[in-house]
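Chemist: Which chain is which? The protein sequence lines are A, B, C and D, in order. The first sequence begins at 68 in my numbering and counts up by one. The second sequence begins at 68 in my numbering and counts up by one. The third sequence begins at 3 in my numbering and counts up by one. The fourth sequence begins at 3 in my numbering and counts up by one.
Derived by calculation from the structure, the hints in this document are not laboratory data. One or more hints might be untrue.
Claimed, not checked - One side only, chain B facing chain D, incomplete, derived with CB under 7 Å:
#1 N114
#2 F122
#3 D131
#4 I133
#5 D150
#6 A152
#7 M192
#8 D197
Unchecked claim - Listed below are the simulated DSS-like cross-link pairs for lysine-lysine, each with C-alpha atoms no more than 25 Å apart in a straight line:
#9 B:K203 x B:K183
#10 B:K232 x D:K233
#11 C:K44 x A:K137
#12 B:K71 x B:K183
#13 B:K137 x D:K133
#14 A:K76 x C:K150
#15 A:K190 x C:K47
#16 A:K137 x C:K223
#17 D:K233 x B:K137
#18 C:K44 x C:K73
#19 C:K74 x C:K150
What the hints assert, rightly or not - Cβ-Cβ distance ranges computed for the label pairs, FRET-style:
#20 D:D98 x A:E279: 56 to 64 Å
#21 A:K250 x C:K74: 41 to 49 Å
#22 D:T135 x B:K250: 20 to 28 Å
#23 B:V253 x D:N220: 56 to 64 Å
#24 A:V72 x D:N220: 50 to 58 Å
#25 B:E125 x D:K47: 37 to 45 Å
All residues carry an ideal CB built from backbone N, CA and C; glycine is no exception.
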Amino acid sequence: MLDKVGIAKRIAQEVKDGSYVNLGIGIPTLVANYIPKGLNVTLQSENGMLGMGPFPFEGEEDADLINAGKQTITEVSGTAYFDSALSFGMIRAGKVDLTILGAMEVSENGDIANWKIPGKMVKGMGGAMDLVAAAKNIIVAMQHVNKAGESKLLPECTLPLTGVKCIKKIVTELAVLEVVPGKGFVLLERAPGVTVEEIRKATAGKLVVEGEIPEMIID
Amino acid sequence: MLDKVGIAKRIAQEVKDGSYVNLGIGIPTLVANYIPKGLNVTLQSENGMLGMGPFPFEGEEDADLINAGKQTITEVSGTAYFDSALSFGMIRAGKVDLTILGAMEVSENGDIANWKIPGKMVKGMGGAMDLVAAAKNIIVAMQHVNKAGESKLLPECTLPLTGVKCIKKIVTELAVLEVVPGKGFVLLERAPGVTVEEIRKATAGKLVVEGEIPEMIID
Amino acid sequence: MNKVVNNAAAAIHDIQDGEVIMLGGFGLCGIPENCINALVNKGTKDLTCISNNAGVDDFGIGLMLKTRQVKKMISSYVGENAEFERQLLSGELEVDLIPQGTLATRCMAAAYGMPAVWVRAGVGTEVAIGKETRVFDGVEYLLEMAFKAKFAIVKAWKGDTHGNLIFRKTTRNFNMPMAMAGQITIAEVEELVPAGTLDPDHIHVPGIYVHRIFQGDNYEKRIEQRTVRQKK
Amino acid sequence: MNKVVNNAAAAIHDIQDGEVIMLGGFGLCGIPENCINALVNKGTKDLTCISNNAGVDDFGIGLMLKTRQVKKMISSYVGENAEFERQLLSGELEVDLIPQGTLATRCMAAAYGMPAVWVRAGVGTEVAIGKETRVFDGVEYLLEMAFKAKFAIVKAWKGDTHGNLIFRKTTRNFNMPMAMAGQITIAEVEELVPAGTLDPDHIHVPGIYVHRIFQGDNYEKRIEQRTVRQKK
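Based on the sequences and whatever the hints tell you, model everything.
Modeler: Dropping the structure here:
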């Protein structure tokens, strides 16, 4: 079973050399720390920046330089700034290669719900609907079950949707799964020490298990 | 009867303090030379510039700095550059206060034809269709009759249109006219020494003459 | 072409009760602090505010919420504000939540004279309810309308007397498309310089889009999430 | 993220006969001289060129017309070229004339992932023939489709190894929207610098839009209409 860092480390393996990546808030943000050295990866922040660096050193924070999570950050070599319209323009035009974000629910056909719980205060969808509608490749980082112990991988989402048929891959504390519309959650890898049966129990949607399922390799 | 400079001088009187103006090729370009001193007027060039200055001094031409007529020009204090998409964006958004351009024909309801003569090589409409479709106020600078002696102020345009119901005012070598859709060419001023009868003879469309028509004052 | 006004109070003097206004910034980054304070002082009421966020309880648009000046927020994310939540739950405040990219693009549409734009965000979700949809090349889009706001209020880093604006780092955000989208655009800047001072190649918003400009003062530039790393 | 290629020949090596390409510039201002020469040398044929203008007889796209490499021009104004006129009248060359702003906006639509845009230009004229029209707020618009071009070829002033571009004066023109509109964007620059050299606030086209970049040489930068005034 993976902790949050483990999930981030596993997702980091999906990041390709030379790619542009948008990281959501939470676990996705951690992914930046584990991108293999030697890979050239540029982080896009949808508030208007390409080439997002790490947090600043204490005392070097700049109020004019934040990421989409409103955290103080830094530049890297080759950073470019732009406005919000162009930022979502490049996302829609398919220039961002990979988006990693959290979710409350994902369905068998790749629908995602991650912005609204009826009856609770709704804070807004931010840029999530734009990102899931446009990114070429979307990976969800989330816990396999919610705090009530209910599976978040469902036949159909029960919460209001953020986007439809858009999620390609899910990495949880238990497994790596590919979402194949018309087929279901195809199990690709098990977390260290986790059995297929445990994954099956935690998955409410259709789980597809084909052949031997390897254990993830995480250093 | 006015010469080209006279037409330009008369149109220059229409330019308001604090306005943004786009000048077409030909007589309209001359208007810049006669804008009354003391007025703050910013010239927009649709290839991507606000704050167009005069031609450069000999030897100071810059190939990277041209106007929409592809002529070498200069900056003024407060110039800004931008791309062609934003340039037409600001035109469409109604930020340019006045457009002055030439025409082959103008109709009683304000249609204009100025880009194509069937049977002749067509060079293209350039930015004229965009400008006439979007500018808030459009003044045409042209000769009252063509080289064959035929009126260019018509009941309806005979040439392919550039835009419909868009021309507000016309200044020719003979007259200043307002175009009032449903009414016709309302005669506002006569050129020095020109009679209403001469203007009527040169105008094929409906000419509206109300009361005494004053003579233009041009210094 | 001198567009300089004396201060924030002069810049916003004719914003009436019930007006629709755009306010630039992302979170607290690049917000028009001086104009917000002036609106609080003026007490303008029943405002509809188009702004990506709603500030925090004691800063930014939160100040206008506290004084009940806002009738409606049009935003993408409003999560850092307890007073906002209270007013929303009590029904005192309307909120229209729309995707962030759609928000930006509806500003841009106004800036570029487009009446409407086709966007994918929200297709198949409740955001699509009541909206026209259309398939281009096998992909479904929603028709989203350009914003119409009488006033846009933005904050830039530098500006000149002609209204040309330059932003610094991630403050361009919504300030830039909103600056170009307002029927009347008010810009406050940290440094106001004479026309001719700024490099014409560095200008982000050409002055034709800006109607009033002034140099603000006492910028707090508050940081919402101060995240740092330790020096090793 | 190093996008540097050796030269124009390497940058355009995979442009095939029959391809749709965008070429930046306005008149002869800011045209990708090196890439045009490389295309002439390579002899790529049957090209559809989206470019505001068509060069002059012995410079710019005119060089590709002379060698009969262009099947179709999509432009707003093609007037300064005798060879162009000859090929057009003889039926060797197709030409699609569209309003300049529409041309720019169809590039921008591609750059921003918009499938189509509503524009007023051409309403009531022959440009509107066969196009969908629609009235918004009492004003009629045409639906114009985003361009799809496999390659965009642009010229910038400075660029870095990540593909970030900066233009000089009126050379931004069609170079900027086209740089962002190509599926594969090739940029030639007068000065190529290491990433980190350019001020991130001054970048006109972020590198994410640029796939190949090289420092060109022997720029002629020809002037089409040399207009001057005399010193008094």
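Chemist: Are A:K137 and C:K223 close enough, with their CA atoms no more than 25 Å apart?
Modeler: It holds: about 13 Å lies between the C-alpha atoms, which stays within 25 Å.
Chemist: Taking 25 Å as the top limit, are the C-alpha atoms of C:K44 and A:K137 close enough?
Modeler: violated (29 Å)
Chemist: Would you check whether B:N114 satisfies its interface hint, that is, whether its CB is within less than 7 Å of any CB in chain D?
Modeler: holds (5 Å)
Chemist: Given B:D197 was flagged as interface, is its beta-carbon under 7 Å from a beta-carbon of chain D?
Modeler: Nearest chain D Cβ about 3 Å off; hint holds.
Chemist: Given B:D131 as an interface hint, is the shortest Cβ-Cβ distance to chain D below 7 Å?
Modeler: OK, holds: B:D131 within 7 Å of chain D, min 4 Å.
Chemist: Is 50 to 58 Å a correct range for the gap between the Cβ atoms of A:V72 and D:N220?
Modeler: holds (54 Å)
Chemist: Taking 56 to 64 Å as the hint, is the beta-carbon distance of D:D98 and A:E279 inside that range?
Modeler: At 57 Å between Cβs, range holds.
Chemist: Please check whether A:K250 and C:K74 have a Cβ separation lying inside 41 to 49 Å.
Modeler: Given about 44 Å between the Cβ atoms, the range holds.
Chemist: Checking one constraint from the list: CA of B:K71 to CA of B:K183, max 25 Å. Satisfied?
Modeler: Judged against 25 Å, a Cα distance of about 23 Å means the pair holds.
Chemist: Compare the distance between the alpha carbons of A:K190 and C:K47 with 25 Å, and conclude whether the hinted pair is satisfied.
Modeler: holds (24 Å)
Chemist: Taking 56 to 64 Å as the stated bounds, is the beta-carbon spacing between B:V253 and D:N220 within them?
Modeler: holds (58 Å)
Chemist: Does C:K150 sit within 25 Å of C:K74, going by the straight-line distance between their CA atoms?
Modeler: The hint holds at about 15 Å.
Checked against the numbered hints listed earlier, the structure breaks hints 10, 11, 13 and 14; every other hint is satisfied.
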